[in-house]
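Line by line, the protein sequences are chains Z and X.
Taking the working numbering, the leading residue of the first sequence gets 1, the next gets one more, and so forth.
Taking the working numbering, the leading residue of the second sequence gets 1, the next gets one more, and so forth.
Any given hint could turn out to be false.
You can't tell identical chains apart in this list, so a pair holds if it fits in one copy or across any two.
List time: in silico SDA-like cross-link candidates among lysine to any residue, alpha-carbon distance up to 25 Å [as the list claims (entries may be wrong)]:
1) Lys35 x Gln134
2) Lys210 x Thr236
3) Lys5 x Gln33
4) Lys35 x Gln135
5) Lys156 x Gln33
6) Lys237 x Gln261
7) Lys189 x Leu215
8) Lys182 x Thr255
9) Lys143 x Ile111
10) Lys156 x Asn16
11) Lys156 x Leu34
12) Lys182 x Gly142
13) Lys5 x Gly142
14) Lys143 x Gln130
15) Lys189 x Gly218
16) Lys143 x Asn98
17) Lys189 x Thr21
18) Lys35 x Gly155
19) Lys210 x Tyr221
20) Lys237 x Asp127
The set of hints was computed from the structure by calculation and includes no laboratory data.
Since we're looking at a predicted model, the values are computed, not measured.
Number of protein chains: 2
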Amino acid sequence: MKTTKPELTIVKIGGNIIDDTTALNRTLHAFSQLKGSKILVHGGGKEASRIAEALNLEPQMVDGRRITDQNMLNIVVMTYAGLINKRIVAELNTLQTNAFGYTGADGNLIISERRSVKDIDFGFVGDIKQIDTQQLVTILDGKAVPVFCAITHDGKGQLLNTNADTIAAELGIALSESYTVKIIYCFEKQGVLINTNDETSLIPLLTTSKYQDLLTIGAIYSGMIPKLDNCFSALTKGVHQVIIGNAAILENQNTKCTVIQL
Amino acid sequence: MKTTKPELTIVKIGGNIIDDTTALNRTLHAFSQLKGSKILVHGGGKEASRIAEALNLEPQMVDGRRITDQNMLNIVVMTYAGLINKRIVAELNTLQTNAFGYTGADGNLIISERRSVKDIDFGFVGDIKQIDTQQLVTILDGKAVPVFCAITHDGKGQLLNTNADTIAAELGIALSESYTVKIIYCFEKQGVLINTNDETSLIPLLTTSKYQDLLTIGAIYSGMIPKLDNCFSALTKGVHQVIIGNAAILENQNTKCTVIQL
Chain Z
1 MKTTKPELTI
11 VKIGGNIIDD
21 TTALNRTLHA
31 FSQLKGSKIL
41 VHGGGKEASR
51 IAEALNLEPQ
61 MVDGRRITDQ
71 NMLNIVVMTY
81 AGLINKRIVA
91 ELNTLQTNAF
101 GYTGADGNLI
111 ISERRSVKDI
121 DFGFVGDIKQ
131 IDTQQLVTIL
141 DGKAVPVFCA
151 ITHDGKGQLL
161 NTNADTIAAE
171 LGIALSESYT
181 VKIIYCFEKQ
191 GVLINTNDET
201 SLIPLLTTSK
211 YQDLLTIGAI
221 YSGMIPKLDN
231 CFSALTKGVH
241 QVIIGNAAIL
251 ENQNTKCTVI
261 QL
Chain X
1 MKTTKPELTI
11 VKIGGNIIDD
21 TTALNRTLHA
31 FSQLKGSKIL
41 VHGGGKEASR
51 IAEALNLEPQ
61 MVDGRRITDQ
71 NMLNIVVMTY
81 AGLINKRIVA
91 ELNTLQTNAF
101 GYTGADGNLI
111 ISERRSVKDI
121 DFGFVGDIKQ
131 IDTQQLVTIL
141 DGKAVPVFCA
151 ITHDGKGQLL
161 NTNADTIAAE
171 LGIALSESYT
181 VKIIYCFEKQ
191 GVLINTNDET
201 SLIPLLTTSK
211 YQDLLTIGAI
221 YSGMIPKLDN
231 CFSALTKGVH
241 QVIIGNAAIL
251 ENQNTKCTVI
261 QL
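Whole structure, please, built from the sequences with the hints as guidance.
So this is what it looks like as structure tokens:
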């Protein structure tokens with residue numbers, strides 16, 4: 001007997017939303033209205049860099065990724081898991097959303113491994129190794145709404161900075177056995193654009209072959225590549241649907257966006 | 001039919017333990033060995049003050065309590081809910097303790113009210129109004145170990161700095177209906193001393209009448225008074241046992257300490 005899996009929506013919100021209180025509150029309100037099981041994953045925004053600067057620490061970036069030394073790890077943990085995560089949780093809990101803020105360290109929900117040094121030593125950055133699906137299902141069954149920040153740990157006491165896009169993708173993959181998973185990546189544009197500065201160049205449907213073509217002509221580059229790699233990886237490994245778009249899509253499903261498809 | 005309630009141990013650790021990595025890890029190890037349901041509540045230590053100082057904010061204290069303006073609230077949330085809470089959670093999860101870090105905002109577990117201004121405006125400081133006992137029992141039944149930092153919220157989106165001793169007492173009171181609750185307050189001394197500088201002046205059993213006597217002669221003062229008021233309040237409202245002592249008591253029950261008794 002084939003049973004239909006329940007639906008799970010995973011929404012990832014990025015720095016542009018986090019940094020704008022009005023946009024953030026509007027997005028959280030829209031998120032609170034989503035039916036069924038749901039998970040929010042949030043990035044960090046500029047707050048960590050601002051605090052690092054105030055403390056005279058120079059934020060270091062390579063290819064849009066932060067280099068995380070011990071001082072920066074402390075700041076990232078404080079900002080992501082403390083300030084931003086708890087602000088979001090407090091706000092969601094005014095909206096009848098039973099939100100619980102998590103890092104991967106909480107309940108060993110997400111265990112990662114410190115990235116090995118190849119060309120670049122990213123410092124205390126983790127690549128996800130294991131997700132406690134069973135415990136997450138229990139949490140979701142209990143009508144709680146997990147809010148994950150971009151921090152995981154190695155299971156040996158070391159917290160690790162972890163890419164929020166990847167967390168959303170890996171959570172989706174791990175939970176695909178129990179749910180029909182939809183991942184919505186919200187960012188500042190309407191979706192994937194052929195020309196970054198031209199919203200009319202939106203690609204409504206991005207397939208694997210189209211993606212390869214765009215990579216070949218260099219139309220997709222920089223931070224967009226790992227983002228899209230995450231999307232395709234999620235779909236390959238069981239996620240039902242992946243969308244990249246503006247947060248407005250949470251309010252109105254007819255909002256223009258990019259649907260990713262194998 | 002009278003059924004025996006299961007046991008619940010609530011351990012509160014203070015700043016002296018938080019500030020000393022060796023003491024902290026030893027305490028967390030001892031905590032991980034405690035049998036039955038358990039909750040850890042932690043204070044903040046000096047880290048928030050250090051960060052405030054680095055950011056050129058002057059920490060303000062009255063009667064051992066921090067005055068919390070908006071900037072200080074941000075720092076306290078970052079430090080307590082981010083840095084310290086997640087460090088503790090990551091460490092406990094290496095010790096087969098299924099720890100989950102919480103503020104009161106998570107799942108609306110602890111709702112407080114911003115303290116009204118009388119003589120002193122404490123700023124964003126909350127007095128506890130409501131605890132979601134049902135959800136906490138479900139969490140404890142699921143073999144999770146809550147780790148609470150000293151942050152709650154007002155249920156309307158405002159995070160509030162909240163005394164950790166009071167959180168431990170109020171959690172104990174709220175959970176007394178479902179559990180036989182023991183609260184252990186760990187601090188730097190062996191217990192309540194008649195002479196603060198003389199460990200041999202330890203009071204092994206502090207009753208209400210003895211407490212009144214000591215208050216009258218001025219032997220107990222400053223930060224110790226709200227701490228003891230919390231203890232007696234907890235016992236009055238259903239908590240089975242309250243102990244004040246050194247963290248060593250978690251390792252060896254025969255360690256000298258002060259037992260509080262009505």
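Outcome of the hint check:
Within a single copy, Lys35 and Gln134 get their C-alpha atoms as close as 22 Å, and across copies as close as 24 Å, so both meet the 25 Å cut-off. Proximity of Lys210 and Thr236 under a CA criterion of 25 Å is satisfied intra-copy only: 16 Å inside one chain copy versus 70 Å between copies. For the identical chains of this complex, Lys5 and Gln33 are intra-copy neighbours only, at 21 Å inside a copy versus 39 Å across copies, given an alpha-carbon limit of 25 Å. In the homo-oligomer, the alpha carbons of Lys35 and Gln135 lie at most 25 Å apart both inside one protomer (21 Å) and across protomers (21 Å), since each shortest distance falls under that limit.
For a Cα distance limit of 25 Å, the shortest separation of Lys156 from Gln33 across copies, 17 Å, qualifies, whereas the shortest one inside one copy, 38 Å, does not. Taking the closest pair of Cα atoms, Lys237 and Gln261 come within 25 Å of each other only inside a single copy of the chain (12 Å); across copies the shortest separation is 59 Å, beyond that limit. In this assembly of identical chains, Lys189 and Leu215 lie within 25 Å of each other by CA distance solely inside one copy; the values are 19 Å within and 65 Å between copies. In this assembly of identical chains, the alpha carbons of Lys182 and Thr255 lie at most 25 Å apart only when taken from the same copy (16 Å versus 55 Å across copies).
Within a single copy, Lys143 and Ile111 get their C-alpha atoms as close as 23 Å, and across copies as close as 19 Å, so both meet the 25 Å cut-off. Taking the shortest Cα distances, Lys156 and Asn16 sit within 25 Å of each other only across copies (24 Å), while inside one copy they are farther apart (33 Å). Taking identical chains as interchangeable, the C-alpha atoms of Lys156 and Leu34 lie at most 25 Å apart only when they sit on different chains, with a minimum of 20 Å there against 36 Å within one chain. Taking identical chains as interchangeable, the C-alpha atoms of Lys182 and Gly142 lie at most 25 Å apart only when both belong to the same chain, with a minimum of 20 Å there against 28 Å between chains.
Both within a single protomer and between protomers do Lys5 and Gly142 lie at most 25 Å apart by alpha-carbon distance, with minima of 17 Å and 24 Å respectively. Both within a single protomer and between protomers do Lys143 and Gln130 lie at most 25 Å apart by alpha-carbon distance, with minima of 23 Å and 20 Å respectively. Proximity of Lys189 and Gly218 under a CA criterion of 25 Å is satisfied intra-copy only: 19 Å inside one chain copy versus 66 Å between copies. For the homomeric pair Lys143 and Asn98, the shortest alpha-carbon distances inside one copy (7 Å) and between copies (20 Å) are both at most 25 Å.
Taking CA atoms no more than 25 Å apart as the test, Lys189 paired with Thr21 passes inside one copy only; the shortest distance there is 18 Å, against 45 Å between copies. In this assembly of identical chains, the alpha carbons of Lys35 and Gly155 lie at most 25 Å apart only when taken from different copies (22 Å versus 33 Å within one copy). For a Cα distance limit of 25 Å, the shortest separation of Lys210 from Tyr221 inside one copy, 14 Å, qualifies, whereas the shortest one across copies, 73 Å, does not. When the C-alpha separation of Lys237 and Asp127 is checked against a cutoff of 25 Å, the pair qualifies only within one copy, where the shortest distance is 17 Å, while the shortest distance between copies is 48 Å.
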